[in-house]
Each structure stands twice: as structure tokens, then as C-alpha cells.
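Chains as they are written, first to last, in this note's numbering: chain A, 1 to 301; chain B, 1 to 301.
To be clear, the hints were calculated from the coordinates, so they are not data collected in a lab.
All figures in this text were calculated on a predicted structure; none of them were measured in a lab.
Please note that a few of the clues may not be correct.
Where chains are identical, the list cannot tell them apart; a pair therefore holds if satisfied intra-copy or between any two copies.
Claimed, not checked - Distance condition first, Cα-Cα at most 25 Å in a straight line; then the derived SDA-like pairs of lysine to any residue: (1) K257 to L298; (2) K163 to Q106; (3) K163 to T41; (4) K258 to E225; (5) K189 to G20; (6) K163 to R290; (7) K258 to A215; (8) K130 to F113; (9) K189 to D273; (10) K189 to S296; (11) K257 to E56; (12) K96 to F113; (13) K95 to G193; (14) K140 to E249; (15) K189 to G87; (16) K189 to R299; (17) K96 to T154; (18) K189 to P223; (19) K189 to T226; (20) K163 to S125; (21) K258 to M297; (22) K189 to E292; (23) K258 to Y222; (24) K189 to V224; (25) K258 to S296; (26) K189 to R290; (27) K140 to M194; (28) K96 to L149; (29) K189 to G283; (30) K189 to Q293.
There are 2 protein chains.
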Amino acid sequence: MASLLVVGSVALDTVETPYGRLEDGLGGSAVYFSYAASFFTRVRLVGVVGQDFPQEFVDLIGSRDVDTAGLQIVDGKTFRWSGAYEGAMNEAETKKVELNVFGDFQPEIPEAFRDSEFVFLANGSPVTQKHVVDQMTNRKFAVADTMNLWIENTRDELLELLKVVDGIVLNDGEARMLTEEANLVQAAKSIQGMGPRLVVIKKGEHGAMLVSDEALFVLPAYPVETVKDPTGAGDSFAGGMMGYLAEQEEVTEGTLKKALAYGTMCASFNVEDFSLNRFQQIGRQDIDGRLEQYLSMLRVE
Amino acid sequence: MASLLVVGSVALDTVETPYGRLEDGLGGSAVYFSYAASFFTRVRLVGVVGQDFPQEFVDLIGSRDVDTAGLQIVDGKTFRWSGAYEGAMNEAETKKVELNVFGDFQPEIPEAFRDSEFVFLANGSPVTQKHVVDQMTNRKFAVADTMNLWIENTRDELLELLKVVDGIVLNDGEARMLTEEANLVQAAKSIQGMGPRLVVIKKGEHGAMLVSDEALFVLPAYPVETVKDPTGAGDSFAGGMMGYLAEQEEVTEGTLKKALAYGTMCASFNVEDFSLNRFQQIGRQDIDGRLEQYLSMLRVE
């Protein structure tokens, strides 16, 4: 089992969906990622919260196989995101963003975390992401997430980041925006040309595509019947994927495909309830059980 | 090998995509369906064209294993459709529709076609579709396609049709419109409640979902690198699916899944060029070769 580090946001989310409303619930990309990855391996979390961050949320994260030594608690208020989903719930309408202490976040990687081999840079400024990856001199496999904001506003910095990471995870709209390619296969190959040997394009309810030097494949999402809250699906996907790879300690065509399938399973559980509620009800055996069902769905004879 | 009948449009299409423009090319749902199905079985085609329909197009259809005894040539002009695709090319923008002789189409099923066991009612008025299915007293498996126009304007007639067909094929937007369910699994189940035991939801570049009494599965699309013209993809998909089922002569969970995979292959070839150009370059062995590659893509070990 290899070491896995994640750097990203820890947040208080207010979410409205046709299934209800959650106010100041536990969220943030590093949190969803950590919880999902912790089904597979031990996770090292680096993030920042304010004095208002509830102790029960620290305890909840700490109750998992997550090392929170890198979770700074500083003066000020915790990052807050507020959004709503309607209809097919494929995209959140962001109602409000208060960066608060996350706005000045300069990730300090604790000495004990510096030897991490697997690194996930959750969505954040590419400058900060590159600053982190440069510190991780023992890294074997570093993957970054990004979003439209950075593609539009800090494209040059993002291109610098892409030169040093092994992989990038982004959604279909972002892949098209970054490359100006309408076709997703061509978009993925074009992003590969920018540096990372692994490109994973998330398509939400439609699954994910992976392009690497050795492989090109598409896997569908697990057909979830009741999607209550899609928040964190992408980070849960990345957590399952990276958690499994760190557990396996190697990145091959075979482990990548299974990693994508595990990521898909984690995302499918996560969307079944608000915040981390669904994750709190399940264990690795539930994930493995659904994976078995999923793989049998994909078996054509 | 069971008999397969298709009733639907035969058209002259004018299509613009980022890859070029085709004027008055061979198109129509029954044509794409027949060509795709003819890779698997003999097809009986019922449709109508005007005096202006080029003889070379009749010859092209006739060069396949397609019985055109049901293709009426009547006074007037052939149905014409004109559309354009942009960007991700997921949806056509219809520029012009001239129904012409298709507007008064009253399908006459030739006596020799009446014993058909597998029946596909390509997109058309549900009244006409029901009129056809009622004549096919020997049918074992009748499947209909539909579209937003009929869901909006002739909902009651569509619901009557759904009571008598075995299966329905429609796209994700149409499934959501018909059921007012945002979730596709729930939409498919809700449509099942309207009558058909088989519901296939086409998601274009994202693949297809199938819900039947025995099965619920999703298969991704084959990742096509160059989509030149998506026109006819849905009908090619249906043609591959029904052609394979008629070839196998039975509808089970196993044949349905493979039928969906074959439909996916036919659609993937069809979109690689305008009109039926790509189909004219390939044979069953090419379809089987790509299927092998596709199944290996879906194999997770």
C-alpha cells in the first residue's frame, strides 16, 4: 500500500436539490476525495478551515483512515459554497461562494507527508497546485483536477502545471474548453500533448473516458435510480480511483481500468444522499458488491 | 433467421457539418435501419418515394439483402430533410422539412411481408405505427421509435401504441419529456409501465440504456475519433439491434445485450461519414472486429 496525499478544499456546503436542502454540511473536494480513498488506503489530507469549523466534522474525517495532521485551523471563517440542482441535476447552479480562509490558502505540506508517492491536487489555482507538486519530490504519480475558472483565467499557469503532472481529471465541458476540440477522444489526445500521460474525462451521469499511452476506454456510470445530491461526485470518483491505485501501488492498463471502475462505484454511492451521508453507511464490501454487479452489467457474451 | 420488417421514411437529406455538406443524399430512417440490419439478416422495407427519387439509390438499397417490394414509387416529390450540426454535434438543427409524398403515407404491407416476426416501426405518426402493427398478426417482437413531435402533439395516440408494442426506442430527452422523470432509470421504468416490456434509451455519444423485465444495463458508445455526420445514427443503432435479434430468432437477456452492442457498432461506423458512405465500405467482419475491440474495452479484470 503506497502513501496517498490530497491537497484541496474543506468546506461547509449549502445545497438544494429536488430531494431537500442541506445547510452548512460537510463538503469540499479534499473531504469527498479522502473519504472515498479511505475505503482503499490510508490518506494524508492537507487543507484549511476556520475557527467556525465544527469539531464533529473534524472527528468524522478523523474516524476514517485519514491523517489530518495537514488540516490547518486558522483565524477566520471556513470556505462556504452554496448551490442548487434542478431537473436532470447534471450541473450545479452556484448560488454563492465565500472563499474565506481558503482564499489565502498556502498549502504547507507537513514534513511527515513529504514522501508521499501518490498525490492528488484537488481543484484549485494551478499556481498553488504546481507549488505543491514541486515539493513532492518522492512522487510516483501526481494527478490534478481543474475547472473552467482556471482554464479561462489562468490558462498559462494551467499549461505549466500540465507539464509536471502525470495525470489530469476534468469534465467533458472543461476538456472541450481547454482544447477547443468538440470530439472527446481528440480533446483527450490533445490534452495528452500538453504533458500528462493520463487524461480522465468525467461525463457525470454518462460515465468517464480514459486516455493514456497504453489505453483508450470509456466506462458508463452505474445506473443510479435515486440521485439526491450530485455534490462531490467528481471528487469521490477521483478518490476511489487514486485510492485503488495507491492500494495496488502500480499504474498499469489493468489497474487503471479497475481504478476507473472503483471511482465510478464511489461516485454512484456518494450521489445517493447529501454530503457524506451515504458513505457513512457503507464499507468496502458494499463497494465490491456493487462493482461485481457493474462488471456483470458490462459483460457481453 | 427470422423475418424482419421495417416501415419508415426514405428521404433525400441535405446535411451540413464541420466536415462538409451533402446535398440530396440518400437518407431516411427506414434506409439507415435496413442497411444496418442487412449486415445480419434479410430485411423487408416498406416506404414511399416520389418520381424524383434517383434510380441509383433504389439500386443501392437493392444491392443489399433488402427486399424493396414494399417501396412504393408514387406521383410527387420525395420527402426531404435538411439539417446542420455544430460543435459537439449531439443534436441536429433542422433547417427545413418537406414531407411531400411521405405526408400522405399510408403504409401498404405487401401480402408477402405479412408473416414478418420481427417488426420495426421507424419514427412516424403513432397512428400510422399502430395501423401497421395491427396488421402484423404473426409478429413476435415489434419495436417502435418515436420523437418529441409525437410526444408533444399526439400523446394519447402514442400511449395507445405503447400498449401494443413489445419495445420502444427513444432518446434521453424524449424519455424525460414523455415521463417528466429527470432520472433515466426511473424514466425507463415509467415507460415500461405504459406497456412495452423493453425500453431502450439512446444517449448519442454517451451510449444506450436498456430496461426490460429481466435486465437493466447501460453500455457506452464506441469512442469514435472522427464524427463526420451523426445523421441516421439512431436508426443504424436500431437496425443493428433488430437485425441481430432477428438473426438469433430469440429475445433473451443475453441476445438483447449483444444486440445493443451490435447496434452501438453500427451507429459508430455510420457516423464516420455522410449518408451511407461508411456502411458501403464495410462488411460483417469489420463490425465483428470492432465489436471484439469494444468488448475488450469493457472487460475489467
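Which of the listed hints are broken here?
3, 6, 11, 12, 13 and 29
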